[in-house]
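Chains as they are written, first to last, in this note's numbering: chain A, 0 to 354; chain D, 0 to 354.
No lab work stands behind these hints: they were computed from the structure. Where hints are given, some of them may not hold.
Because identical chains cannot be distinguished in the list, a pair is counted as satisfied if it fits within a single copy or across any two copies.
Unchecked claim - DSS-like, lysine-lysine: derived pairs with alpha carbons at most 25 Å apart:
{"no.": "1", "residue 1": "309", "residue 2": "345"}
{"no.": "2", "residue 1": "345", "residue 2": "11"}
{"no.": "3", "residue 1": "147", "residue 2": "1"}
{"no.": "4", "residue 1": "267", "residue 2": "147"}
{"no.": "5", "residue 1": "11", "residue 2": "1"}
{"no.": "6", "residue 1": "147", "residue 2": "175"}
{"no.": "7", "residue 1": "267", "residue 2": "11"}
{"no.": "8", "residue 1": "267", "residue 2": "345"}
These numbers come from a predicted model, not from an experiment.
Below are the chains, spelled out letter by letter.
2 protein chains.
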Amino acid sequence: MKYVRPEIEALKGYVPGYQPRPVEEVIKLNTNENPYPPSPRVIEAIEVQARQGLERYPSPMADSFREQAGEVLGVQPDWILAGNGSDDILTICTRAFVGQGETIRSPYPSYILYRTLAEIQGARIDFARFRDDWSLGDDFATELAESKLRLGVIPNPNSPTGTFIEPEAIYELAQKMSCPLLIDEAYVDFASRSCVELVARDERIMVCRTLSKSYGLAGLRFGYIVAQPHMIAELAKVKDSYNCDALSIAGATAALADQDWLAENRAKILATRKRLVAAMTDLGFEQPESHANFTWNTHPDVSHRTIAEKLADAGIYVRYMDYDDYGDGLRISVGTDRQNELCISKIAEIIAAES
Amino acid sequence: MKYVRPEIEALKGYVPGYQPRPVEEVIKLNTNENPYPPSPRVIEAIEVQARQGLERYPSPMADSFREQAGEVLGVQPDWILAGNGSDDILTICTRAFVGQGETIRSPYPSYILYRTLAEIQGARIDFARFRDDWSLGDDFATELAESKLRLGVIPNPNSPTGTFIEPEAIYELAQKMSCPLLIDEAYVDFASRSCVELVARDERIMVCRTLSKSYGLAGLRFGYIVAQPHMIAELAKVKDSYNCDALSIAGATAALADQDWLAENRAKILATRKRLVAAMTDLGFEQPESHANFTWNTHPDVSHRTIAEKLADAGIYVRYMDYDDYGDGLRISVGTDRQNELCISKIAEIIAAES
């Protein structure tokens, strides 16, 4: 393939979790979607916007969303940049901060998309291992001799483990770094704390979020980043001019305005998570404490891959993940009680047959 | 700003046409939007999708759209990649084909976004001048001594001039090039011919389109590229995993399914364009023949900048553009007859006052 850049030719490409269709006929616990629909106000706002017409360009900076998000987060609108999903935000940050041959640091095992983003950019990814207690050591902040460290990214809560690093520890880590540190808070609404307050304390700390998980809006593609205004201004140069469409801006704004819906939804998911953890523990699985809407499960005796395959045969999808030089496991999304119960009882069957 | 890449720091950033709010209270002829609403079927499809729920991820490759577009264009679905506006497609192509220090070739004067895309990528843009008859010479295909030519981009019809290069001439040009040639057909539905049929004849030729202009869907952010399947496969590696949302996929699919709406809308706009051209000619403006939903107007005696400013004072927005080493002029979108009439009579007033 002589036309594309060598970095692209070499790329396998990021493979997102399998999206079986039609989703109504399977139990889908593999991409951490919300089992509950978004707030009815979101649908209403989308319908109103659709009927108002779509022939005009949307607000380039998603003004209404910035105002609403600023209110919820207690920051001014110019501390916020909206994106077409947090994927868009992660891409923008990579392009803004990391040049060819330079390095992104991320923890390990963690979200594998960061590697792809580095590779598309012709950059490197360098992993710092989590310690046994799922904290990060000073090696996360260490400069490299051979390539300039330009961006740190920490998903917090982490995927696939669901583990959480306290904001104080994140802040300390940032003080040891000479480059920006992006905290990917995709799952933070299922945790107890957030790093958003750190942004005002250090220009290097940035926080990104998505509406895909806690707001039940994976289909809408909406995410955002919180950073100091001079950082936002630079990121805005890299984004596409109209990166969010009029419908998603309207929907996302309505979603953030309905914090009651979020609280209710969150409570249901945390209750189901508790039951999932207990049941999987009973089946002999080990799990780090989850602060997200999924759990990371390893079993000492049974093949994780076999379980995932047999579940898929039965129309139940969980995420089998295998990290080189670390190990494999099953990441199971928190669905409805009923979905998780069906999944768990099938796993029990598989384990009984395999033992 | 020590954190961002030097290329980003140096970047002014692409400034899209001014988006006055609320748009209902002004006459907006500066960003080539469609003055007519999209097909009612689009709105219906969006409402159906919104009510079906948005908690699941959308189709990563926008499958329903690919099938519908394939049917309209007479190609298989795997010849199509959908994007979050054609901005997304242009960004993907730049990232896939053009490395740091390499070059994009585009005509001059033309769409200025290509320069920004090159600069974000740390690449160069090299311009080949249109000849007097708005065709392109062999210099468009010439290799450079100092930097590898990796991508050619030709908007056809061109912006801001509205001029059109026949597909035969494009094909001949491609034969002289060693890199891919992207034909940006944002405005092609207002012309008589297209380069889509060339894609099957040469793997280097790719065609991108947007639904923003002819389908009246600037607010929806939807574009696509037609290329040979092995090229699509490489481009897909670079895009964000879920780059189009469920609502825009549903709306775009419905838009392409309603070709009658497109034909009707097109006929109205071409009729208004004809009137606009005649009236501006009467006022002493010169215009190359437009194949788009806008015209490029230059006046031998009156300051274009003054006209644009005085129009804006009156709540009428056209696009003043000034190309270094070429000259300036007014790009006026084809709106409704009424909008264009108000614009023209105000211009007549301004000219009378200035002369």
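So, going through the hints one by one against the coordinates:
1. 309 <-> 345: within (9 Å within a copy, 72 Å between copies)
2. 345 <-> 11: Close neither inside one copy (33 Å) nor across copies (57 Å); limit 25 Å.
3. 147 <-> 1: Between copies only: 13 Å across, 29 Å inside.
4. 267 <-> 147: Answer is neither; intra-copy 44 Å and inter-copy 57 Å both fail.
5. 11 <-> 1: within (16 Å within a copy, 32 Å between copies)
6. 147 <-> 175: within (15 Å within a copy, 40 Å between copies)
7. 267 <-> 11: neither (38 Å within a copy, 47 Å between copies)
8. 267 <-> 345: within (23 Å within a copy, 61 Å between copies)
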